[in-house]
Structure formats: C-alpha cells, structure tokens
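Colleague: Hey, can you work out the whole structure from these sequences and the hints?
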Amino acid sequence: MKKLIAALLTGAMTASLLTGCGGSKGASGVQSATSDITKVLRVCLASEPDHLDPALNSTVDGATLAVNSFVGLYTYDKEGKTVPALVTDTQISDDKLTYTFTMKDGLKWSDGSDLTAKDFEYSWKRAADPSTASDYSYLFDVFAKDSDGNINVKASDDGKTLTAVLAAPCAYFEGLLAFPTFMPVKQEAVEAPADHETNPGSWASEAGFVSNGAFTLKEWKHNESMVYVKNPYFYDADNVKLEELDYMLSSDDTAMYAAYGADNLDFIDSAPNDELANLKDKDDFYVADQIGTYYVGFNVNSTLFEGKTPEQANAMRKAIAYLVDRKTIVDNIAQTGQIPANTFIPDSMSDGNGGIFKQNTDSYTYPDEASAGYFPIEVNVDKAVELLKEAGYEFDENNMLSASTPITLNYLTNDGTAHIAIAQQIQQDVAQIGITMNIQQEDWQTFLNDRKNGNFDIAREGWLADYDDPVNMLEICAPNGDDSGNDDMQLGLNSTEYAPDWSEYIDLLAQIKSETDSANRVSLMHKAEDMLMDTGAILPLYYYNDFYLQKGNVSGDYVNVFGMKYFMYVEKSAS
Amino acid sequence: MAKYVIKRVILAIVSILIICAITFFAMNAIPGGPFNSEKAQSAAVKAVLEARFHLDQPVWKQFLIYMGNISHGDFGVSLKTGRDIWQTISESFAVSAHIGLIAMVLALVCGVILGSLAALFRNKFPDRLIVFLATLATAVPSFVLASLLLLVFCIKLKLIPVWSSYNPNYILPVISLSLYPMAYITRLTKTSMLDVLGQDYVRTARAKGVPIVGVIFKHALRNALIPVITYVGPMTASILTGSLVVETIFTIGGLGSKFVDSITNRDYTMIMGTTIFLAVLMVVVNLLSDLVYKLVDPRIKFE
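Chains as they are written, first to last, in the working numbering: chain Z, 1 to 575; chain V, 1 to 303.
Hint data in this document are derived by calculation from the structure and do not stem from the laboratory.
Where a beta carbon is used, it is the ideal one built from N, C-alpha and C, also for glycine.
Each statement offered as a hint is correct.
Simulated restraints on C-beta separations:
hint: 1; chain 1: Z; residue 1: Lys-78; chain 2: V; residue 2: Pro-234; range: 56 to 64 Å
hint: 2; chain 1: V; residue 1: His-72; chain 2: Z; residue 2: Asp-443; range: 33 to 41 Å
hint: 3; chain 1: V; residue 1: Gln-87; chain 2: Z; residue 2: Asp-443; range: 26 to 34 Å
hint: 4; chain 1: Z; residue 1: Ala-192; chain 2: V; residue 2: Ile-10; range: 41 to 49 Å
hint: 5; chain 1: V; residue 1: Val-14; chain 2: Z; residue 2: Asp-443; range: 30 to 38 Å
hint: 6; chain 1: Z; residue 1: Leu-279; chain 2: V; residue 2: Ile-10; range: 58 to 66 Å
Modeller: The structure is reproduced here in structure tokens:
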C-alpha cells in the first residue's frame, strides 16, 4: 500500500508541476497599465474583428471599436445627435451642395503628429477608391465626382478647411461624417507596409497603429483579447476618465455571460437566448433603440406563384403577412421588448425633413391609419383567407385550405436559435389555414448564396440601417448589381410573368436620390414604400432593438441607434 | 533505416499534394464565397477583390497559381482579415501547442502510471477505482467537462477568472484537454501490461527475486508501451492543434477554431493553410512514432 501511495503522490506531483508551469508562464505576460480597476473598462462585444481600419470595417461591433479609437469630423453625443467633433465651423451653401468645414486648432494623431484637413481629403478619397475595396465605398456616391470618378473633396493648402461638394442635397450627411468609413487614417501609416496596395488594411492588422480617437490599441492577442489605452492626443482627452479599455474577443454567448457573471467583464453585448427571460427584469439589463427591421422576404419569381397574375401573387404574399403572430414572436422569442412591425422602414427612422418617417401626416396616411402601418398587428385569419380566395385558392367551411388547392412553402433560414424559433412560429401560424411550410436551415455562407440566387420561396431577412434615412432601407430592394442593392427578393429581375413590374421603383429611387425638396422627397419615399409593400414581398416582423448588460458601477457610456457603443466618457466607481 | 525514411518522406509529399488538390477543389465546390455578405458589394469593389485573389480565373488555374505560390513559401493572406496566413497559423499554433504539450505530457505520465497500477492491482480496489474513473473520463465529452470546470472553479469558487486580458489561465484548458487521452492511455496501458505480465520473461524476473516495481518499470513497461505509442502519434497531432470546444469555452486564440472558422467564412487561403499544416504535422508525427517503435522494440523491421 505504501508503494501505491508513493506512486500516486508522484503522479499528483508531476501533474501539479506541469499545470503549475502552464499557469505561471501565462501570467508572465504584459502587466496592466494601471492597477486601479476603476480606470479599466472590460467589455465583450464579439469575436476577433476582421478589420480595424475604419474604412474597411463593415460590422456593427467593428464600428464600436472604430468609434472608440478614431473620430471623424462629427460624432454622436449622449442624446444620439450628431455633433461637431473635429470642426469648429461648418458652412453649407444655399443649394445645400457645398460643405466647408473649418478644423479645430491643434488636432493631433496618437503619435503626436499634426492632423489636418488634408488627412481627411486623403482618407475619404482612399475609402471611395474601388481598389481599397471598402464594403461601404458606395456611401461616397453622395459626392459630386469628376470625369475620372474621383470624389469632389479638397483641403485648403494650409490644411485648415475642407470643402466637399455633393451631387444632390443629402439629409443624412452629418450622420455619414460620424460614420467609421468617413474617419481619418494617416497616409504615412497606411502606406508603410510593403503590401499596402494589395492589402489595404495591413497597417492596422497588429497593435500599435496610429489613430486619432479616445483610445489606441496597445496589445492584441488574436482571438483572445485587445487592450486599448487612453490616447493623450485625443481632442477631448480631458474628459476621458478611463485609462484602459479591454476587450474580450469571443462570440460565444455562454462564455461572455460566464465572464460577466464572474465579474471579469463590466459590459457585454449579448447573452444566451435562454437567459433573456430571467435577465430582462434585472437592473443591469439595458435596451437601446436601434434602426432596423427583422423581416421575411418572398422570392417573387418562385414557382409558388406560377400561373398567377402579378396581382394574385401579391395577394398570396400579403395573406401570409396577416397570419403571422408578431406579438408572440416578440414576447416569446425575441424577448427584449421589440416592437412588432407593420412597415418596412423602421419606426424610429427620420424622414430627412426633421420628423419621424413612420407617422400619418397631412400629406400622407398609411393604409391602416390607426396603427400608422400597412396592416394591423393583430392576426387576421379572415382577411388572409379572403386574399387567398382572390388568388384562386379554395377553402372549406372551417377556413381550411382545400386539398385541391394546396400551398407548400419552403422557408430558408440560417442557423441560430432565435431564427429557427421564429421560423417554427410562422410555420405554426400558416398551418392554421392548412398551409404547409418546410423549414430549410443552412450555414451562413450557403444561406447567403441560396438567398441571393433565389433558391427559396420565403427567407429570413433583416437589415440594420447604416444611416438614418429611409433610402438606406429602400435601396435594399434595388436590383442586384446596383451599388447598394441586395435584392434577395429577386424584385426587378422580372424573369417571370407573375413578378411585379419593378422599373418604376428603380426610377423612383433615382428620383429620391436627386430630389432637392425635402418635403417632396418624403412623399416620394412613402410612394416607394407603398409600392414595395403592395407587392407583399416584404413581410415585416419586428423593429430591432439593442440590449446589453452593464455592471451597476459603470456609467457615462452611450449607444447610438446604429448599435455603436461609445465608451470614452465612462466613469467607474469601486463596485 | 535511411532508405525507409526517404521512402516515407516521398510518400508523405505525394499524399500532401493529393490532400491539397482535393481540399482546393472541394472548397471551391461548396456554395458561398469569401466576399459574400448580407448586402451586395458594388460591382467595382467585387471586381477588384476577385482580380486581387485570382478568383476570376478558372479553378484549375487558381490551383496552379496557389501551388506555385506555396512552393516558395507564400501562403498568402486571409481573404477575410488580410492577415498573413503563415503568421496567423504559427501564432495560434504556438498557443495551442503550449497548452497541448502540457496536456499531452500530463496525459502520458498519469495514464501510464495509472494503467500500470491498475494492472498491478488487478481486480483489487485501486484497479476498480482507476477503471471506473477512466470509463467516466472517456464517456464525458470535453464540452461538458470544460463547462463543468468553468462553472465550479471560475463562477462558483471564483478561483480563476473566466477571461483576463493579462493572466490567461491555462490550468482548466489543460485539464479539459488531457482527461480523455489520459483515460484512454490508462486503459491501453492496463491491457497491454496485463498481457506482458503474463509473459515468461516476467515470471523469470520475478522468480529471480526482482521486486515487482522493478519488474514493471525495467522489464514490462517497455513492451507494454508499444500500443500506447501507436495511439500517442495521432493524439499528439490532434492535441497540439487545439480543440474548438475548449478554445471557445475558455476564449483561447488557438488553432483549433481556425479549422472551423475558415470553412464557415469560406476563407480559401486559410482553409488551405490550416489543411496543409495539419497534414504535414500528421505525417511527421506518424513517421516519428514509427521510428520510436523501432527504438522501443528492436523486433520491428522496416519494410
């Protein structure tokens, strides 16, 4: 027995030695810049970002990284309004086409060098250049362009002023000026790597790059963590109380929730779906407004509509919209107090004329006046049956679809607990009148591909606005190949006789983009949404909102309606 | 011996080339692409990106270009992030290998000791206990074990942070990674040890008065380890390259998640890089374990 104990002890010792060595080696890494935990904010938004170059970013979590380490001419304040950041004065010409910005004095990059209007001229031209391959290069389409396609922006010789000329008045231009794609990057830094021409983001692919925002990236352990430290050259550095901003890089809801629960994180952007019901009544659970719509889209060229007239096909699609129980989806699946949707353009979106778009006005009334939308939120089976009868379907006395005219739908969605649950709810909703719906679940890339190519009858869709203007939503339904369209609903492809005629919509979009009268523009946008909703191709479910969890000792941060979180003015008390 | 090694190396190169070709054509055949996103890219941007990465060429031509590039060590950059493939793989491999190596040594040392003990105390209490624990460890999947460890040590006891930007803690990942192979090695060692203990030369040694511990460690273990070596080869490759589950649960920037992520993202250069890396590692490890055989058991002849 003695020998046994000796052997076991040897084993245990070896084990503890080995693991011990693992632990100590990990601990010999970098030490925190500050030992005061109230000066460090620890956050988890998502996994490893693709790009930290603000011009190349195309994700919401990447935009949060961008707004905390870069700053554009404008920024968002706590109230969610765009306010000047790096400019002291903005002159707008009477025709609203020419903007002249006067830069603040003494602006610096994080390396201490001067930041001038010339940096903006360079950065904007770079982001607009197709060879930079920015996903958001189309945002620069609002600029007037010369014959070579270069955008019309010019810095004065002394670098004090920047003049931008637009192609048409742009109601949301200030929003763009605060958007990551319009943030400045330093030319010498960008062009330092040897491969900068073929790999434009390479300068910001490791820690230590030059920026001009509140924090600069000091350390980046890929797929593990990022440590940002305060930038003393930030234009508003006096008001930045934090010394350090640490990000955990994980997209695993459970892992980030565990770290938050163990007090290793102060702020998380996501939580497991199963936990939402418990979390939403707690004090550290916050919900912010967000501009976006979760919807379901029909493939207007699907064989489902074969043999129907375009009007009958519209009626079929609209019938389904009356069957879906949006309240149940919001209450039981989405769960964070989202508002059920009956329009495509989100309820909190501005109209570009000083008001909110989704409201009845003197000049425009929604088809369902009471709810200011296209249909009431409540399920209306009778209306659905009536519409389907118009489309040539037969029903028995119990409002069940007759066996002689069956409907079978193929619903396409990507993986994700909530997406699947929503699909199942819709499946159940349409079954009440005898429609069969099959759910086809695919991995993200296969899903994108099938959706883009129209290999579906009905598919999950969603869009979070990039800027606060209805055009950003409307142009999604422009045909493929158009710079900003995605057209998953296959509108405008007109390959079938039963698809709606879409040329008028395309003309309307062009008209909206060049309209100089704001009130007229609002009317045109209502007209476009009317056209879109009349096809029934879009079946809105709810307007997105944005929840997050934040410890009680953290204050001063804010979120804008695009989901970007501003952490620079955080104050943290000792728990 | 040298002839054998050369033959094996040539064979290895051929199999890696075949793996490259199959992977390249298979990944191009699956739907989707690296630049797909929710919103369509502008035609100009799409054209630039496709030309930059030769995606506008026919697949066989892309394959030749790729093989040409890697023949002089250029694995390209990730289509998704623009980071150098080779740098990304070597960095994350360093993380995985650091944890993996500790886990492997732990599994090997404890597994062999426990297996020998179980054989020695056959059908007695220590044997029963060890076999019970080994069965349990084999049956519990790593994601359950890792979550359990996280719950107990990080959340309930708060002994170890779930995540920390400064002190990444590798104790729990090491335990999660090592338990399954440890159990497997324990069982392997026990079985083959029992086999060896019944052999004549062991009985002779015992008859000559050599103490049992001496018999085990000096005479029996060497022969009993041959099956273990067969297992250790592939295990090394799989443990060193990390585990998606353990990396996700403990937020470790290892190589394990790269295999899956690269395919999810259709990041073609990363898919090729990780595949080639794993293939080479597998081949090298298998070759080494075959050579170790020879050292342990001189009866084995290379054909």
